[in-house]
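A.B. asks: Mind the numbering: the sequence shown is residues 825 to 1059 in this note's numbering, read in order.
Honestly, the hints are just simulated from the structure, not real lab data. Take these hints with a grain of salt, some might be off.
Unchecked claim - Cβ pair distances, simulated, as ranges: (1) Gln-860 - Asp-929: 42 to 52 Å; (2) Val-903 - Ala-880: 18 to 28 Å; (3) Asn-1016 - Ala-880: 16 to 26 Å; (4) Ala-1033 - Gly-960: 40 to 50 Å; (5) Leu-984 - Asp-946: 17 to 27 Å; (6) Asn-959 - Glu-868: 24 to 34 Å; (7) Thr-1048 - Asn-959: 46 to 56 Å; (8) Phe-908 - Gln-971: 50 to 60 Å; (9) Pro-1056 - Gly-955: 35 to 45 Å; (10) Glu-868 - Gln-911: 14 to 24 Å; (11) Leu-984 - His-876: 38 to 48 Å; (12) Lys-1055 - Lys-888: 56 to 66 Å; (13) Glu-862 - Ser-1029: 18 to 28 Å; (14) Lys-895 - Lys-1036: 52 to 62 Å.
Think of the CB as a built atom: it goes at the ideal place given N, C-alpha and C, for glycine as much as any other residue.
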Amino acid sequence: MKKIKWIILLGIICFGGYYLVFQTDLLTVKVILYNQSEELDIYELQRYSDIHYGDAYWKVNLQKAREGLLKHPFVKEVVVNRNFPDQVIFNLTYKTHYFNLKYSDIVLSLDRNLDVLKVLEDEGDGYTVEGFMFNGFSTGKKIDVGQEYVLENIVDLIELMNQSAFNYYKMIEYEDNNIKIKIGNITVKFGNGENMEMRFNAFASIYQALLKDSITDGVIDVSTDGLPVYKPFGE
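Could you put together the complete structure from these sequences and hints?
C.D. replies: This is how it looks when you write it as structure tokens:
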């Protein structure tokens, strides 16, 4: 008789536990925390992670949530944890806009690793690269270009420009296998940009010397491996 009572009691406990977990909101997701970004609101977070308010806490699939969020164009890395009894916490590392790539009427926002973040209506902050053809693109993935190394060299150039104190135009042109920038009325030619830091330092030295002589026009050509050249009358 006592054994039967224990079996009944155990059944009641199991049924009660099942009811509390699966039939009430006692153990459901009530709080979703994440480091916010203007590129990812809470609704997109739920859609990409497939974790929603009201989901059963124990059914939350953390690995699936991470894999889903990594498909978002602006998400670089994800750490996701549960905090009993009703919280899911996301720690997100975001990709950030580094420069614009413009070809024809298309303007793309790219990060430093050449991932396409989004299509822009107008040019965003920072430098805009014009004249560089690309084969195709998909947001969240690296842009498909034929001369990726040249675009990587342009990224290095942007970093060097950001570190210097000169006032450049925000346009970088790629034309006839030459990366070109303008500073005042002076055009600077870097070729395809191999050994970019060396070429940039050569340009900076010449430009500073020209400023001392109040020269503000012409072309500084550091595109070859030979001596850099200053041309006072342009191309």
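A.B. asks: Work down the list of hints and note, for each, if the structure agrees.
C.D. replies: These are the hints, each one checked on the structure:
no.	hint	result
1	Gln-860 - Asp-929: 42 to 52 Å	violated (32 Å)
2	Val-903 - Ala-880: 18 to 28 Å	holds (22 Å)
3	Asn-1016 - Ala-880: 16 to 26 Å	violated (56 Å)
4	Ala-1033 - Gly-960: 40 to 50 Å	holds (44 Å)
5	Leu-984 - Asp-946: 17 to 27 Å	holds (26 Å)
6	Asn-959 - Glu-868: 24 to 34 Å	holds (28 Å)
7	Thr-1048 - Asn-959: 46 to 56 Å	violated (29 Å)
8	Phe-908 - Gln-971: 50 to 60 Å	holds (52 Å)
9	Pro-1056 - Gly-955: 35 to 45 Å	violated (25 Å)
10	Glu-868 - Gln-911: 14 to 24 Å	holds (19 Å)
11	Leu-984 - His-876: 38 to 48 Å	holds (46 Å)
12	Lys-1055 - Lys-888: 56 to 66 Å	holds (60 Å)
13	Glu-862 - Ser-1029: 18 to 28 Å	violated (41 Å)
14	Lys-895 - Lys-1036: 52 to 62 Å	holds (54 Å)
Hint check: violations occur at hints 1, 3, 7, 9, 13; the rest are consistent with the structure.
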